[in-house]
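2 protein chains.
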Amino acid sequence: MTQAVRHEEMRARNLEVVLGAVSRGGPLTRAALAEVTGLTKSTVSKLVGDLVDAGLLAETGPARAGERGRPGVEVVLSGERVAALGLEINVDYLAARVLDLTGAVRCAARRERDNRGSRPKKVLGELQALATEVLAEAHRLGLEVAGAALAVSGPVGDGVVFSAPNLGWQDVRAADLLRLPVPVELDNEANLAALGELWYGDGERDFLYVSGEVGIGAGLVVNGTLYSGATGLAGELGHVVVTPDGPACRCGGNGCLETYAGQEALLAAGNSPSLPALLAALGRGDRVARDACASAGRALGIALTSAVNLLDLDRIVLGGVFTQLYPWLSGPVSEVLTTRLGGLRGAPPAMSASRLGGDAATLGAAGRVIHRVLADPAPFLTRAQEA
Amino acid sequence: MTQAVRHEEMRARNLEVVLGAVSRGGPLTRAALAEVTGLTKSTVSKLVGDLVDAGLLAETGPARAGERGRPGVEVVLSGERVAALGLEINVDYLAARVLDLTGAVRCAARRERDNRGSRPKKVLGELQALATEVLAEAHRLGLEVAGAALAVSGPVGDGVVFSAPNLGWQDVRAADLLRLPVPVELDNEANLAALGELWYGDGERDFLYVSGEVGIGAGLVVNGTLYSGATGLAGELGHVVVTPDGPACRCGGNGCLETYAGQEALLAAGNSPSLPALLAALGRGDRVARDACASAGRALGIALTSAVNLLDLDRIVLGGVFTQLYPWLSGPVSEVLTTRLGGLRGAPPAMSASRLGGDAATLGAAGRVIHRVLADPAPFLTRAQEA
Numbered sequence: 000m001t002q003a004v005r006h007e008e009m010r011a012r013n014l015e016v017v018l019g020a021v022s023r024g025g026p027l028t029r030a031a032l033a034e035v036t037g038l039t040k041s042t043v044s045k046l047v048g049d050l051v052d053a054g055l056l057a058e059t060g061p062a063r064a065g066e067r068g069r070p071g072v073e074v075v076l077s078g079e080r081v082a083a084l085g086l087e088i089n090v091d092y093l094a095a096r097v098l099d100l101t102g103a104v105r106c107a108a109r110r111e112r113d114n115r116g117s118r119p120k121k122v123l124g125e126l127q128a129l130a131t132e133v134l135a136e137a138h139r140l141g142l143e144v145a146g147a148a149l150a151v152s153g154p155v156g157d158g159v160v161f162s163a164p165n166l167g168w169q170d171v172r173a174a175d176l177l178r179l180p181v182p183v184e185l186d187n188e189a190n191l192a193a194l195g196e197l198w199y200g201d202g203e204r205d206f207l208y209v210s211g212e213v214g215i216g217a218g219l220v221v222n223g224t225l226y227s228g229a230t231g232l233a234g235e236l237g238h239v240v241v242t243p244d245g246p247a248c249r250c251g252g253n254g255c256l257e258t259y260a261g262q263e264a265l266l267a268a269g270n271s272p273s274l275p276a277l278l279a280a281l282g283r284g285d286r287v288a289r290d291a292c293a294s295a296g297r298a299l300g301i302a303l304t305s306a307v308n309l310l311d312l313d314r315i316v317l318g319g320v321f322t323q324l325y326p327w328l329s330g331p332v333s334e335v336l337t338t339r340l341g342g343l344r345g346a347p348p349a350m351s352a353s354r355l356g357g358d359a360a361t362l363g364a365a366g367r368v369i370h371r372v373l374a375d376p377a378p379f380l381t382r383a384q385e386a
Numbered sequence: 000m001t002q003a004v005r006h007e008e009m010r011a012r013n014l015e016v017v018l019g020a021v022s023r024g025g026p027l028t029r030a031a032l033a034e035v036t037g038l039t040k041s042t043v044s045k046l047v048g049d050l051v052d053a054g055l056l057a058e059t060g061p062a063r064a065g066e067r068g069r070p071g072v073e074v075v076l077s078g079e080r081v082a083a084l085g086l087e088i089n090v091d092y093l094a095a096r097v098l099d100l101t102g103a104v105r106c107a108a109r110r111e112r113d114n115r116g117s118r119p120k121k122v123l124g125e126l127q128a129l130a131t132e133v134l135a136e137a138h139r140l141g142l143e144v145a146g147a148a149l150a151v152s153g154p155v156g157d158g159v160v161f162s163a164p165n166l167g168w169q170d171v172r173a174a175d176l177l178r179l180p181v182p183v184e185l186d187n188e189a190n191l192a193a194l195g196e197l198w199y200g201d202g203e204r205d206f207l208y209v210s211g212e213v214g215i216g217a218g219l220v221v222n223g224t225l226y227s228g229a230t231g232l233a234g235e236l237g238h239v240v241v242t243p244d245g246p247a248c249r250c251g252g253n254g255c256l257e258t259y260a261g262q263e264a265l266l267a268a269g270n271s272p273s274l275p276a277l278l279a280a281l282g283r284g285d286r287v288a289r290d291a292c293a294s295a296g297r298a299l300g301i302a303l304t305s306a307v308n309l310l311d312l313d314r315i316v317l318g319g320v321f322t323q324l325y326p327w328l329s330g331p332v333s334e335v336l337t338t339r340l341g342g343l344r345g346a347p348p349a350m351s352a353s354r355l356g357g358d359a360a361t362l363g364a365a366g367r368v369i370h371r372v373l374a375d376p377a378p379f380l381t382r383a384q385e386a
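These protein sequences, in sequence, are chains L and B. Start counting the first sequence at 0; every next residue gets the next number (this note's numbering). Start counting the second sequence at 0; every next residue gets the next number (this note's numbering).
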């Protein structure tokens, strides 16, 4: 390794350290940053100056001519330059949302449409149009969008949607089909929504996020990190076995959770043509609808019992359509968890409905890009210097 | 923080860095260590010298007077001074095993006894006698035993065995009851056996280790690290639900895996009074015994399907009594996994019988102490200097 390369690496690492410290603990003065990071004050001053120039950090308080960099001024993440785009293809809508570095939503768009059994090219084309609009708006706001992440329900990997039961898609190269002027990555909706809850939700660092849709996914967050498994396919809660000889599941098995608590099973049992219809029936106390939710809740309780026994969870967040169905689902779920887990664990895990609801996935998607910028800010400094 | 404290911390960290580099990649020369660690050659020389003096590192090749520390000599972990004690209370035996820093077994003892429904004080008294013998032998070999870890089947925490179904124990303060001249920590047998497989087994870094006993536990190893969950109770595979309305389980639930594939269920279904009797019946092709294994295997396949869907496992190691029963269990397990996981994952995870068998838990227990020494060697240097 040459001296110059080593110096570049050291500088990249120190930039990350300073930016990370401000991100976690800001606002901070340069002196406080030196103490927190163990770097010298002059190194910190240089790094902070470069990060301010690149638009990643900003100084707080009124700016006065000639006073930039004076010791008492605090720095925070800047919301004025770098941003990220979160995208989602949901069964009922397409969504795009731009977050700046501080996590504030700067612009967003959403288009209601029924994506069931849709053609991938058509849907991705519409999403591309929506994303392009939002990117133009971000540009007008002076934001530089560093990248995009797209959330799709179901197992994904290497830019390919292996199976999206909501949409009826199989093996769709979604990341390639979406042409945008920024790099696009693809991830599972439940994983991204779990990250959304982690970064922009209640501040919990350990939980299982459950996403109820046509399929049922889950994102496991352990000590502030997403657990994604050997091949990125962890969290397939929908195929946890509830009854081995239960109804046939599209996965080839029988009696998977999805056959009891997936949206299609729920609507069929609740004798409702759509989720709004089911919610309306529940609202007026319809017996069939309530029984459908209760039995879906008991099945979810069984699958979550297995999950808690394996993963030792102490918090479960119900998202997707389960957020709206929470008042009718949570009782039966809790009952099963209490009966089955009380003996070994004393108390069942805490459970709540997602506070972010349908926004969790796009927030997590944009957040993933933002966290990547924070973890490796050096390229943005180079760009700022070249500009 | 004073300058002196900061210096001590830096030194402790550098000792760990050097020892860790040798542990992972040794033998290494001092020059190679400097390159790997990024420390200066003179710092490395000083640290290596201290670690050699403390008996944690040794130089390879013939020692020649006056030549210690010459540049070409390589250093390795030393097996001559620091060691660790692994203990296990199994349903059929007590075991103690001393490993040196290189992972070599230096002395061991095992006492066959039936620990079913045993009095904790009596069993721990016998284990104490066995451990004392082995510690005396280690002392004769010139080894300094840094600590002990005790493996017990079932959920444990803070030195307490919450429930040991093998033994019929409830809330036993095992770590306190065992009086030894070294610190004793307590952990779950499946977790420690999983670590034994990780450190002294096939070299895999991602797998689920399943321990079949009266209860059925599991240890999940992810990227070389044990996943232990929010409260250290992860891996309760025995209470993953196989059939919601199945036989009553001692946990208060119904149809848990344990009620189908736990040792008692297996022996009852196989019409055998003991595991050796079951193995003998299997060996002579007894139909009832084989059917018992096949249906336990199918139940295990169901529970593992749920585990794979949640955790995205690509390797499963069957340990405990499942190691001996592997020839009769593995077919039915594989069949279920292939049917239920083929659709989503293409192929089921690889499966094998534990190669370490009954030794995995004591190896993992001693290994845990050894890894703690390697992660924080500074106290051993202080002791060596005071001696």
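Please note that the accuracy of each hint is not assured.
From the structure, some residues in chain L lie toward chain B, with a derived Cβ separation under 10 Å [to be verified]:
1) 226
2) 231
3) 242
4) 243
5) 252
6) 306
7) 339
Hint data in this document are derived by calculation from the structure and do not stem from the laboratory. None of these values were measured; they are calculated from a predicted model. Glycine included, C-beta positions come from ideal geometry on N, C-alpha and C.
>> Check the structure against each numbered hint from earlier and tell me which ones fail, lowest number first.
In response: none
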